[in-house]
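Protein chains: 2
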Amino acid sequence: MSENQNIKVAVDAIVFGYQNNQLYVLLIQQKFGTKDSYWALPGGLVQNDESLEDAVKRELKEETNISVNYFEQLFTFGDDVFRDPRNRVISVAYFALVDSSKLNVKADSDAENAQWFKIDEVPALAFDHTIILGKAMERLKAKLTYEPIGFDLLPKVFLFSELENLYCTILEKEIDRRNFRKKILSFEIVEETDHFSPLKSGRPAKLFKFNKQKYNALLDKGFHFEIKFA
Amino acid sequence: MSENQNIKVAVDAIVFGYQNNQLYVLLIQQKFGTKDSYWALPGGLVQNDESLEDAVKRELKEETNISVNYFEQLFTFGDDVFRDPRNRVISVAYFALVDSSKLNVKADSDAENAQWFKIDEVPALAFDHTIILGKAMERLKAKLTYEPIGFDLLPKVFLFSELENLYCTILEKEIDRRNFRKKILSFEIVEETDHFSPLKSGRPAKLFKFNKQKYNALLDKGFHFEIKFA
DNA sequence: CTATATTTGTTTAAATCTTACGCATTTAGA
DNA sequence: TCTAAATGCGTAAGATTTAAACAAATATAG
Chain A
1 MSENQNIKVA
11 VDAIVFGYQN
21 NQLYVLLIQQ
31 KFGTKDSYWA
41 LPGGLVQNDE
51 SLEDAVKREL
61 KEETNISVNY
71 FEQLFTFGDD
81 VFRDPRNRVI
91 SVAYFALVDS
101 SKLNVKADSD
111 AENAQWFKID
121 EVPALAFDHT
131 IILGKAMERL
141 KAKLTYEPIG
151 FDLLPKVFLF
161 SELENLYCTI
171 LEKEIDRRNF
181 RKKILSFEIV
191 EETDHFSPLK
201 SGRPAKLFKF
211 NKQKYNALLD
221 KGFHFEIKFA
Chain B
1 MSENQNIKVA
11 VDAIVFGYQN
21 NQLYVLLIQQ
31 KFGTKDSYWA
41 LPGGLVQNDE
51 SLEDAVKREL
61 KEETNISVNY
71 FEQLFTFGDD
81 VFRDPRNRVI
91 SVAYFALVDS
101 SKLNVKADSD
111 AENAQWFKID
121 EVPALAFDHT
131 IILGKAMERL
141 KAKLTYEPIG
151 FDLLPKVFLF
161 SELENLYCTI
171 LEKEIDRRNF
181 RKKILSFEIV
191 EETDHFSPLK
201 SGRPAKLFKF
211 NKQKYNALLD
221 KGFHFEIKFA
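Keeping their order, the protein sequence lines are chains A and B.
Oh and the first sequence: position 126 is 126 in full-length UniProt numbering, straight run, nothing missing.
Oh and the second sequence: position 10 is 10 in full-length UniProt numbering, straight run, nothing missing.
Please note: incorrect hints may appear among the correct ones.
For identical chains, the list gives no copy identity; a pair is met inside one copy or between any two copies.
Lysine to aspartate or glutamate pairs mimicking EDC-like chemistry, simulated, CA-CA at most 20 angstroms apart [to be verified]:
(1) 61 to 79
(2) 209 to 50
(3) 173 to 220
(4) 8 to 128
(5) 209 to 174
(6) 143 to 172
(7) 182 to 79
(8) 221 to 172
(9) 221 to 138
(10) 221 to 174
(11) 135 to 53
(12) 8 to 54
(13) 102 to 50
(14) 141 to 220
(15) 135 to 220
(16) 156 to 194
(17) 8 to 79
If you're looking for bench data, these hints aren't it; they were derived computationally from the structure.
Build the full structure now, drawing on both the sequences and the hints.
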């Protein structure tokens, strides 16, 4: 058994946000790196006495000053032995969704610039981070269809049209507005609020909210969320 | 940054097999451990210059003498800092499916006993391997419904009734035999062979085979395999 | 040799779900 | 007051799923 194993363990965070029909991802750049240093996913080495999940939360907080409650493990990248040219490093990637309010807080820290990028304006990234981001996008798209995670990207109360646009934008598909509404409502996991939207034009729209308790209760009974598209 | 990180990286293999309406998993036991040493998943530390996938293939070969072409990454277990009491170890778990012919080869090596266990006769396992196996089972069940992986557990040619029983057994569900056949056939990814089964009783049955090329071609066109149950 | 049990394979009818729209409603603004 | 824009409701045709009936081919018991 290789007693002299010398492999470092890192974590990386893919944090997605959404605002104005745009998907965003949170990136950092070393403040004191070379001028043209690459942007990268937040992340860093795991400490000896720290769980992987605690590590990714800590690094994200340190590097961007953003806190996220729920992380999901995405994948562990370690097949390319030279993915980090300095040392053998394997990275456990986690992804998280935050609601739009977090997009406005100044994400920053002493050592790093942190910035939200529109997903189609992401520059070339450091290491294999472009690949990691690609895999995260795949997962996001897949999960959107079989778990009600779209709500995590929206404010607590939202319009049906916002939910609908979120699906169209992220999945890059057309949806029939009326069938989409009917489908979501049939699940009985979103409910009307008393409030109406501050309207721009057209008929004022009801604000809805996601009932997570109800969703969890239904899950126990064998309910399965699914949105399909042509 | 913790320059003195001291975390070991291991891989573990969950290898499933299937025979006679039974799902099996491959386990090992140290030959020179204490008498009552636990059974465990095959696995071990990753070498410095070796990809994670190569590592799991090597360990499996060394410990059980079984070779597997396709491994899928399952999950990385590293949140319990003391999952291995000797050292901080994180483990990247991989899972694989082998066809029934491999169940008969003597799986063994110098240093370990290797043995196939029926899935409901698995003993208490070392470390957190019971949890890992549980997660692998979940993944197997899920994938069975949305990818045609059942064929990987069967011989190259098989009976519809065998495929059907595999689904019933692993998912622990009842299926209508006739609707199941109709559904699978509608995908046009299995085809008849000229051969018939060596029969026991009843009407002789055609042997079928999975056409992987056709499946891949359909995938490109947007086809999506799915078997649902009540 | 015949009847029966057993397993395979085909077909159908009803129920359910999806898809593709039509159209009324409610507001802002010209 | 008319029009544009967006919301909200309903419905008919088509596709899919579900629940079976039934026919075919063989082994085996008597």
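Cross-check of the supplied hints:
no.	hint	verdict
1	61 to 79	between (28 angstroms within a copy, 19 angstroms between copies)
2	209 to 50	neither (36 angstroms within a copy, 49 angstroms between copies)
3	173 to 220	between (31 angstroms within a copy, 17 angstroms between copies)
4	8 to 128	within (16 angstroms within a copy, 22 angstroms between copies)
5	209 to 174	neither (23 angstroms within a copy, 37 angstroms between copies)
6	143 to 172	within (14 angstroms within a copy, 25 angstroms between copies)
7	182 to 79	neither (45 angstroms within a copy, 41 angstroms between copies)
8	221 to 172	between (32 angstroms within a copy, 17 angstroms between copies)
9	221 to 138	between (28 angstroms within a copy, 18 angstroms between copies)
10	221 to 174	between (31 angstroms within a copy, 18 angstroms between copies)
11	135 to 53	both (19 angstroms within a copy, 18 angstroms between copies)
12	8 to 54	both (17 angstroms within a copy, 18 angstroms between copies)
13	102 to 50	neither (26 angstroms within a copy, 40 angstroms between copies)
14	141 to 220	between (24 angstroms within a copy, 17 angstroms between copies)
15	135 to 220	between (29 angstroms within a copy, 18 angstroms between copies)
16	156 to 194	within (14 angstroms within a copy, 60 angstroms between copies)
17	8 to 79	both (13 angstroms within a copy, 16 angstroms between copies)
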